[in-house]
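Student: Residues per chain, in single letters:
4 protein chains.
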Amino acid sequence: MLVRVAATTDPFWRTAISRVTPGEIRVRGYDLVELIGRRSFGDVVYLLLSGDLPKANEGRMVEACLVACAEHSVVAPSVDAARFVASAGVPLQAAVAAGLIGLGDHHGGAVDDTARAFLETAETGKPDREAALETARALKAAGRRLPGYGHPVHDPDPRVARLFDVAGELGLRGRWCALAEALEAVTEEVFGRTLRMNVDGALAAILLELGLDPALGKAFYVIARPPGFVAHVHEEQTRERPYRDVGWQNVAYDGPDPRRLP
Amino acid sequence: MLVRVAATTDPFWRTAISRVTPGEIRVRGYDLVELIGRRSFGDVVYLLLSGDLPKANEGRMVEACLVACAEHSVVAPSVDAARFVASAGVPLQAAVAAGLIGLGDHHGGAVDDTARAFLETAETGKPDREAALETARALKAAGRRLPGYGHPVHDPDPRVARLFDVAGELGLRGRWCALAEALEAVTEEVFGRTLRMNVDGALAAILLELGLDPALGKAFYVIARPPGFVAHVHEEQTRERPYRDVGWQNVAYDGPDPRRLP
Amino acid sequence: MLVRVAATTDPFWRTAISRVTPGEIRVRGYDLVELIGRRSFGDVVYLLLSGDLPKANEGRMVEACLVACAEHSVVAPSVDAARFVASAGVPLQAAVAAGLIGLGDHHGGAVDDTARAFLETAETGKPDREAALETARALKAAGRRLPGYGHPVHDPDPRVARLFDVAGELGLRGRWCALAEALEAVTEEVFGRTLRMNVDGALAAILLELGLDPALGKAFYVIARPPGFVAHVHEEQTRERPYRDVGWQNVAYDGPDPRRLP
Amino acid sequence: MLVRVAATTDPFWRTAISRVTPGEIRVRGYDLVELIGRRSFGDVVYLLLSGDLPKANEGRMVEACLVACAEHSVVAPSVDAARFVASAGVPLQAAVAAGLIGLGDHHGGAVDDTARAFLETAETGKPDREAALETARALKAAGRRLPGYGHPVHDPDPRVARLFDVAGELGLRGRWCALAEALEAVTEEVFGRTLRMNVDGALAAILLELGLDPALGKAFYVIARPPGFVAHVHEEQTRERPYRDVGWQNVAYDGPDPRRLP
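From first to last, the protein sequence lines stand for chains A, B, C and D. So for the first sequence, my numbering puts the first residue at 1; every next one is plus one. So for the second sequence, my numbering puts the first residue at 1; every next one is plus one. So for the third sequence, my numbering puts the first residue at 1; every next one is plus one. So for the fourth sequence, my numbering puts the first residue at 1; every next one is plus one.
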């Protein structure tokens, strides 16, 4: 049976991001060829995400954020997943994709939540300290954690002060960075111990300083991590034996005893 | 700038697999609703892959193969990847996808290669033992392994004899199973030690008995593993703490010593 | 620099699902080899997800649900994604994984939500109709949709009645199916038009009849769709030209006009 | 049954890429915090892939290559896959992963192959033109295409001349760029028409100028594309209706006619 129906008259894809015609690729209106070698990757990332080239130092700030997220060794489940998958004999991009999937709610995901918490805190219109106290107390009362603060390994997270210093140098350390610090300052009073801002918290503040949509919170990780994933996949496939295996001897089994089919 | 160009007059998608119209879903011509509850999942898998419902016991054979591949615990990099990713807080289907990516060349991938080796062996037109010797010797001379034979943990792989018994019971133990055994029988002579058929080798023989395209060799794993992935992802997300981490103390680093920026 | 630290004394993986030792694979205590050819794929899925083999017809019900979800043609974004990716020249399992990722909140995701809605409705302890009215009204008041009811193409969704008939034949049409119908019955009164149960709603009811965790709602799709994905990937890679492209002429661009670098 | 076996005494992970300790993250020996804001993303990509910071302009060259690959609109199956998956309601990173999977053999994959062809051509030790003729003729005799030359839309591919100009400005336009041009120069003689170098061919030459492993050929795309994927996923999820669907009316079905179950 052959069934052919008239195609839709609407074009299937619609986009405001870029346009390809023979011999020309335009990104948000700019000729890609003009961008090559003249604009940094950070500028182009900012162009893609915000719709415009930086007016000032936004591209350099983006690069600093990408560098801050670029690598965290095998002490991250996403990297471990990429290496396991790589060991099974898959193409580079597929192994990186497996790692990327792992940038979940508990792994870089706090940037969105923190940015939203900052926005809600600011919307109260109150002075930073007062607003910060309200936000922190409301979270505590709801039995929830303050996203973007506290880190299981780093205390303080060394990337935070550096990112804020760079933001200052680049003229991008404004009200959101101040609000982020105000929240840190009230953690001891509210939670009984100082919860220092972690890299996700700092990225959330900078995301807002850059004027980007909070829904793009995870974008820094999604864009920054692939080089690290590539390095780990390559190392796994060139230095280690195929089919990484923990060994059946090293598995603790606590399920049902051996049994016969009923 | 708004650019709209006339849409193509060709329908974008073309398929011979199924057809959806309001109130009806037909798969290879059959009404999906009639299949529900009347045909096994194995029958429908066979229908999707071959284009027709089984003439005999092919669906039961498919089910036996799926059961044989359904679970191999955490002693498989694909499962480990799925669990790492799951621990990072991602939706069920995304964690399963990360595991699935790991069904690579070294992880179920031997089925395609073995099926092709069987086909090439058979194409010689020689008696099984003679043809098997030729194939094994040619691989050895090329410094390559015999795909589908040998297993790092199981010797023999207990799934093999059982799958062949089931094939026998179902009337599907034919020339390809015989050829697979002929190859096993010559391994000691050619490689100096007995290389027993593993589950991939058995699946390759059965794939050909079922008349399926060798390019579908990995299909058994791709279809059979998701239930195991689901169980592991669920266990990870309900029994373990989020963000599975090996601990920085347990990582061996053998890269460059600490150094200052140049 | 070589840094080696003593490994943790805890085994890295812990699982109650299965145990692999040389020559033996046990799934929830049962020997996998005994399961092959003796138990259906549906039984093994139920074993993996629930921890036990079916006491009655649960495995057959699982198979019916899997068949109901197995294929929905290219009228599903997940399948379209798998075909696009397949056209770019990737291994079978990677293309299927791309499709699988697409089983998101709007694509099979309603099963979890619906199952939770059923549970909350039942927890009121009120008669079905009364409880159903409360649930429907509460959703309407919150401006939310009733998950599991209504379908953009099928009205009614032909899979629903068939799945419930099969559940009846198998002795699994109990209180949750009744509650699902009670909810359908109040939709006209609450929402102003009849919203018929769709396949997600029916699967949610059956999930609860089977005693499975509502968090496994998406499991039916995750397990059932791979054969269809495999068929579509294979068709794409064997019947179509590589690198599926909509054609630059068919893209509507509505972004910024061409502009020069600032 | 609880089975616990002594853990392996070997550390599970071994890496030369980076080392995390409390308060410090070192990448190839350098303090990540020192890199933030002082080194470009391109420098850090080069550090991760090559093991060392650039001696000269390698980082700027990497940035130019990343910019060249950053966006190609919806005229690429990978982007289409990401948008379909995004429309189904999945997290940002998962949708990007689906797109990434699509950077397959026909989609950026030519970089590896072209780099290897360049290396083999150079290994002949013959003058460029003579060696190029040999390579091209050998491919033609084998019925194969010359990877990295020819493009379905762009003729010439505008990115090529620009990338080579930038390489020249940065002192990185050496023997591999010359060899790439020598190959282009012989295409008319060998294949009967001029096959112009495409962006993959140019990237392959630059990959070798940078001294990177040809196995990393796809790394430029894997690292460069995520910002574009992020922009498309965000646009899909903020501008378009959920569940992108081609519409059942627009599908051409050419499979079996409706038929009854046997």
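Do not rely on the hints blindly, as some may be mistaken.
Not everything, but these chain A residues come out facing chain B in the computed CB check (under 8 Å) [stated by the list, open to error]:
| # | residue |
| --- | --- |
| 1 | 107 |
| 2 | 168 |
| 3 | 242 |
| 4 | 251 |
Just so you know, the hints here were simulated from the structure itself, not pulled from any lab data. Beta carbons are placed, not taken as given, at the ideal position from N, Cα and C, and that holds for glycine.
Student: Indicate, hint by hint, whether the structure satisfies it.
Tutor: Consistency of the hints with the structure:
The beta carbon of residue 107(A) comes within 4 Å of a beta carbon in chain B, closer than 8 Å, and the hint placing it at the interface holds. Interface hint status for residue 168(A): violated, as the beta-carbon distance to the closest one in chain B is roughly 20 Å, over 8 Å. The beta carbon of residue 242(A) is positioned within 8 Å of a beta carbon in chain B (closest approach about 4 Å), and the interface hint is therefore held. Against a cut-off of 8 Å between C-beta atoms, the interface hint on residue 251(A) holds, since the closest Cβ of chain B lies about 6 Å away.
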